[in-house]
Amino acid sequence: MSEAKRYILPESIYPVVLTRPSLDEPHWVAARNEELHIQRCKHCRRFQWGPEFLCHHCHSFDLGFERVSPSGTIYSWERVWHPVSPEVQPYVPYVILVVELDDAPGIYATGNLVGDPTVEIPIGAQVAAAFEHHDDYTLVQWRLAQ
Amino acid sequence: MSIRGATAVVGVGESEYYKHGRSPDPEFVLVMKAILAAAADAGVDPRTIDGFVSYANDRNTAMRVSNALGVNELRWATMQWGGGGAGASGAVQQAAAAVAAGFAETVVVYRGLSQGEFGRFGLMRTRHPNDSLRFAYGMSTPIQKFAARMNRYFYETGLDPATQRAVSMASYFHAQSNPRAVMKGRPLTVEQYEESRWIVEPWRLYDCCQENDGAAALIVTSAARAKDLRQRPAYILGAAMGGGHRSSAYSESVYDSTDFPTAEFKTLAPRLYGMAQVGPEDVDVVQAYENFTGGVVMALIEMGFCTPEEAGEVLTLENLTVPTGRLPLNTSGGNMAEAYIHGLELNVEAVRQIRGQSFNQVEDVEISLVCSGPMVTPASAMILGSEESL
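Protein chains in written order, with my numbering: chain A, 1 to 146; chain B, 147 to 536.
Chain B with its partners taken away, still in its complex shape:
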């Protein structure tokens, strides 16, 4: 069974994006502004939204959001399991599943963060059962949980470390022409990157995403209804989530993965491409969640865009950027340089690329891919297509 082309993203929206702690609005207000913007963008009455999906334990519950919107009938309310931004595309997948199965008609996917109001979650001070096995050795934050994976990956593959720099610089390059980007006006040079301080080896300051305040939202409905709405539909051709054998390295333990140096896309990539009936060679533009640059490199390799041996030639700044790159990446600036809205801003940008509305528009986009949350399970990914791709 496939739901290829059965549903579409018809509306996208966001609040203003801020440096972390700088939002003048409470987090709930940011979320509501994003949802109302997405509804207006689509041309749907917010009261007719009947499904609500989020991820990463978003604090703004479907109950409060639907109540505040005056929704006439609530039909669908789900939360994606799993760590952090890995859930972004999975949340859109849930919305598509709900619509395709007829459980709801108009589903909004949203994520909001106000770290001035609620504190920096990057500090990860929360304790889980039995986590002293890593915590007592100073392995608590996301970067501390992932960096050893990358060093093993370098060891096994001989990957060129310059690929990490190219990923970072591509995001900063694209942010310079995006008025929404928090890092607009702050371009990144090779020297700045190379001279930036280590955070956790093998990652420097500019290998790490920002933390921000803001919210983003997408509205999903049926392909049939999408045709009558305001925007050019971004059809959901495929979506997948998953991880390999004992892959849940994000939570209590880092010791139990059978496959340690991975971004966790190996198992889902064939399912994703199979449903979408396209291959990596058909993809026009990619948004890949950047928690840390090395995770993006691993993700792109596992999604089939190059091998580790080819990566040094394929993953260059020139090749990852508009207007001439063959693999335009993170064209809004992404988590690193637009804003860290837990990756949902990447899904929004993927939709804009299908519509021709990006500030870094790739020509004639038919296939637009997002992969969410490298090194976290369940990782998730989705492929959007234009009408021509159906």
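Isolated chain A, as found in the complex:
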């Protein structure tokens, strides 16, 4: 099967790269096991996303990652038609969703829409995570809930 059929986007252009020191590694480890984990302050219990070394609310440095329901609603979207490089040409159009997580109101995750990328995107619609396994990492994609 060609990479074009297996993945929404080519990993040669858009890989997951962990930097050191890493903030987001626990998220990617959990995704490997088909779970959605985001950062949560152990002191004030607020969720925080994207991750940071301290809590923006109480300034505690004692943060962890917690499992949340891999579900949410579409908060916003965009449909990419112009490929940033020729390698992306076979993959356009693709849809990027901004998803407000059910377990963490006001917290947004980003991922691609699984399925027909040309459909009208209904803001407010329920979506469920769809874990896209690559050889070395797993992406958290989203599909419209039935």
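Calculated directly from the structure, the hints in this document are not laboratory data. Since we're looking at a predicted model, the values are computed, not measured. Incorrect hints may have been included.
[Stated by the list, open to error] Some, not all, of what chain A presents toward chain B, calculated at C-beta under 8 Å:
id	residue
1	17
2	54
3	80
4	81
5	109
6	123
[What the hints assert, rightly or not] Pair ranges (Cβ atoms, derived):
id	chain 1	residue 1	chain 2	residue 2	range
7	B	302	A	22	27 to 37 Å
8	B	167	A	119	36 to 46 Å
9	B	336	A	124	28 to 38 Å
10	B	336	A	146	36 to 46 Å
11	A	71	B	168	43 to 53 Å
12	A	57	B	308	33 to 43 Å
13	A	90	B	331	30 to 40 Å
14	B	338	A	122	45 to 55 Å
15	A	124	B	344	14 to 24 Å
16	B	338	A	119	21 to 31 Å
[Claimed, not checked] A few chain A residues facing chain B, derived, Cβ under 8 Å:
id	residue
17	19
18	37
19	61
20	77
21	111
Beta carbons: idealized from backbone N, C-alpha and C, even for Gly.
Following the hints, position chain B against chain A.
Below, chain B without anything else, positioned relative to chain A:
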């Protein structure tokens, strides 16, 4: 404390503007040509420029520029933090602050781009820590970071999408009478706009700015000294930069803004108008940074020129263009149709409007406003005034 009217822009200049990759000159030469032109325009000896400000990590450092000019004494060298063209008015604000505080006497603000020499920065291939959270999903370039904001804005406000087309067409309209404009001779019709291809929905090709080669510069000095120089001073009545709570959506993350669908002018607008002691109803002409048209629409609404509900009636081609529009916008052609000098050409045009030297001159301009960098923090804005406005 206010520095209203304490400083003025006294010189403006630019290199020739080119399509990206077409400059025959190295970027540093473009910058030097712009600075020398601004100094000549002001009637100041370039060796007496003692302050240097730029933004967006301009490659042409204050050290090299001042050295090349043979500056007698370097007193001020600063770089505005933040993404892209959002820093243009903030850089002028830094110059005004330096002069008003007495840290320097004559400060130049400059920005140069030669993308043939250094590559297209719109591709944004540089990786930041932890950015796989968006990058791995194909969200890397500026338009990919901003388009979702606009779709949410449409959803929340019911804004008329035709306002975006009007913004684009106004820039192309004004460029037709500007000999400096790269898009002079290439007017834009409704049909061309509507039939242009999607780049990232909700934005088509003609919702996007150009990328260009060129440089622009402005010289700021004290109001007292400005009176003795060659040009009619454009007094800096107010300037402001900023963003809201956790608003730095441009850099590593797009997830953490408390206020997602915004151009980032909500917090700075009251400070800007308060310092300038004017309101949006007093503004005669507006230059608003166009990365993408929707950002301009949001910026104009957040700057108080209309509500989202009124936008469909206020933001029309007729109303945004000279000679009869009530809200003349981007009168040089701006980033879209004059040249993308990271927005600094908009600040130059705002000065020319105060002087009466624009190719699309608005009558009797007393108040001229620039807002820089929608959807990026810190966004920045400035208000210039004529002598009558003081």
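**Prompt:** Minimum Cβ distance from residue 109 of chain A to chain B below 8 Å?
**Reply:** 7 Å, holds
**Asked** Is the shortest C-beta separation between residue 111 of chain A and chain B less than 8 Å?
**Response** 5 Å, holds
**Prompt:** Do the beta carbons of residue 336 of chain B and residue 124 of chain A sit within 28 to 38 Å of each other?
**Reply:** 32 Å, holds
**43 to 53 Å as the expected CB spacing between residue 168 of chain B and residue 71 of chain A, which holds or is violated** = 51 Å, holds
**Request:** Indicate whether the distance between the beta carbons of residue 302 of chain B and residue 22 of chain A respects the range 27 to 37 Å.
**Result:** Holds - the Cβ-Cβ distance for residue 302 of chain B and residue 22 of chain A, about 35 Å, lies within 27 to 37 Å.
**Asked** How does the Cβ-Cβ distance of residue 338 of chain B and residue 119 of chain A compare with 21 to 31 Å: does it lie in that range?
**Response** 28 Å, holds
**Asked** Is the gap between the beta carbons of residue 57 of chain A and residue 308 of chain B within 33 to 43 Å?
**Response** 41 Å, holds
**Request:** With respect to the beta-carbon atoms only, verify the hint that residue 167 of chain B and residue 119 of chain A lie 36 to 46 Å apart.
**Result:** 38 Å Cβ-Cβ, so the 36 to 46 Å window holds.
**residue 338 of chain B paired with residue 122 of chain A, Cβ distance criterion 45 to 55 Å** = 31 Å, violated
**Message:** Does residue 37 of chain A hold up as a contact with chain B if the rule is Cβ-Cβ below 8 Å?
**Reply:** 12 Å, violated
**Request:** Evaluate the given range 14 to 24 Å for the C-beta pair formed by residue 124 of chain A and residue 344 of chain B.
**Result:** 23 Å, holds
**Message:** Interface hint check: residue 123 of chain A, Cβ to nearest Cβ on chain B, cutoff 8 Å. Holds or violated?
**Reply:** 5 Å, holds
Violated hints, in rising order: 2, 14, 18 and 19; the structure is consistent with all others.
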